[in-house]
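Q: Single-letter residue listing:
2 protein chains.
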Amino acid sequence: MESGEEGRSARKRRAILEAATTVFLDTGYQGSSVDQIAAQAAVSKQTVYKHFADKQQLFTRIILDTADQVDGLVDTVSRTHADTNDLAADLGELANQFVATLMQPRVLRLRRLVIANADRFPETTRKWYEQGFERVLGTLSSRFEHLADRGLLRLDDPLLAAHHFVGLLLWIPVNQVMFCGDDARSTDADLARYADAAVRTFLAAYGTS
Amino acid sequence: MESGEEGRSARKRRAILEAATTVFLDTGYQGSSVDQIAAQAAVSKQTVYKHFADKQQLFTRIILDTADQVDGLVDTVSRTHADTNDLAADLGELANQFVATLMQPRVLRLRRLVIANADRFPETTRKWYEQGFERVLGTLSSRFEHLADRGLLRLDDPLLAAHHFVGLLLWIPVNQVMFCGDDARSTDADLARYADAAVRTFLAAYGTS
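These protein sequence lines map, in sequence, to chains G and S. Just so it is clear: in the first sequence, position 109 is 109 by the working numbering, and no numbers are missing. Just so it is clear: in the second sequence, position 24 is 1024 by the working numbering, and no numbers are missing.
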């Protein structure tokens, strides 16, 4: 019985987090209420408060949970072959996977939610930046270091090079969506073109061949 | 008398716009009310409504007015010497001016306000993007084209190169503030280092010497 209770409670908690994510992404933090979240989760407001002290705690939980979801991207980056024989092709593949992951509509809406609330809850969003964004960059940076050790890249500052790689890749399409709204997402053909151009520019600057 | 009336009315309109900008930047669009804006402008709510139909119209006006404020940056970019004899130094100067303009706390808070509301008012924020961001990039792009004509840069796509220049320059410090809040602004020394690294990487990829 008790484990059944626990199971139900855990399921409700998950349903509330899922509902809160949907509501926050749809209407922003300030535009959302615990009432809406309870309705979306099909639970009572009391049940929400049994699991979470308030709306802010829900926001914090969701933002920090999504920071962990970059694990997949970290794995992808880690697999970038240190033993590559075709760096341009391998970086091109990585660039396309990066773009495919970060240009997902839900990821972009989460990015907007974080930015919109960074001045309200800087401690939470800073953790998200460190545990998500910076972890990916750190992994990419150590891959670049290996490639430099093999003589395939020439760089003094691997972390700066990692930032440059990602900036070349994402500055255009991410800004377009951030400034012009979700419907301004680049076509897949444009995204592939940006990825190709980013890799070419990166290798022209940091490559050795 | 009539021009006195007009003068007073125009002054009040300006005061309301100034007050609305402050209130929106401080508490976001959803967190702001016309009551707050009227109080901040030291006018009655009725006076606000005499000039602006509603809160949304105020937001639209402010966002579009600030798009025009990039004129200064466009001028700076335009002055990038097509007849330069030291491209690295001139691009370095441009990079530092770019960073100094775009990393101003008020500009960064405006950027956050635009991003936070891009899904609510995409028509307004898209115009801001086109009249501000894209105009600067277009000017930079035509400067790069001149430099390519003179054999100082090698590029197929000047607009893409302009995006790469700005992305290399701003990706790191802008994201830090966007994700971690206004207090996460890089030190001036770090900004100078990012500018220097961006110019070096850009010239390694696009330079001819």
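What the hints contain is simulated information worked out from the structure, not anything from laboratory work. One thing to keep in mind: the hints can contain errors.
[Unchecked claim] Cross-link-like lysine to any residue pairs, in silico, SDA-like; alpha carbons within 20 Å at most: (1) K127(G) <-> S1186(S); (2) K1127(S) <-> Q30(G); (3) K55(G) <-> D71(G); (4) K1050(S) <-> A1039(S); (5) K55(G) <-> Q1030(S); (6) K1045(S) <-> L1017(S); (7) K127(G) <-> G1031(S); (8) K45(G) <-> A88(G); (9) K1055(S) <-> T27(G); (10) K55(G) <-> A1039(S); (11) K1055(S) <-> Q30(G); (12) K1127(S) <-> Q176(G); (13) K55(G) <-> G1031(S); (14) K1055(S) <-> G31(G); (15) K127(G) <-> K1050(S); (16) K1127(S) <-> L17(G); (17) K1127(S) <-> K50(G); (18) K1055(S) <-> Q1040(S).
None of the values given here were measured: they were computed from a predicted structure.
Q: Taking the hints in turn, state whether each one holds.
A: Hints and how they fare:
1. K127(G) <-> S1186(S): holds, 17 Å
2. K1127(S) <-> Q30(G): violated, 25 Å
3. K55(G) <-> D71(G): violated, 26 Å
4. K1050(S) <-> A1039(S): holds, 15 Å
5. K55(G) <-> Q1030(S): This hinted pair holds, its Cα atoms lying about 16 Å apart.
6. K1045(S) <-> L1017(S): holds, 13 Å
7. K127(G) <-> G1031(S): Distance of about 24 Å is beyond 20 Å: violated.
8. K45(G) <-> A88(G): violated, 54 Å
9. K1055(S) <-> T27(G): OK: K1055(S) and T27(G) at ~17 Å, within 20 Å.
10. K55(G) <-> A1039(S): violated, 29 Å
11. K1055(S) <-> Q30(G): holds, 16 Å
12. K1127(S) <-> Q176(G): Judged against 20 Å, a Cα distance of about 12 Å means the pair holds.
13. K55(G) <-> G1031(S): Holds, because 15 Å separates the two Cα atoms, which is no more than 20 Å.
14. K1055(S) <-> G31(G): holds, 15 Å
15. K127(G) <-> K1050(S): Given that 20 Å is the threshold and the Cα spacing comes to 45 Å, the pair is violated.
16. K1127(S) <-> L17(G): violated, 35 Å
17. K1127(S) <-> K50(G): Answer violated: K1127(S) to K50(G) is near 45 Å, above 20 Å.
18. K1055(S) <-> Q1040(S): holds, 14 Å
Checked against the numbered hints listed earlier, the structure breaks hints 2, 3, 7, 8, 10, 15, 16 and 17; every other hint is satisfied.
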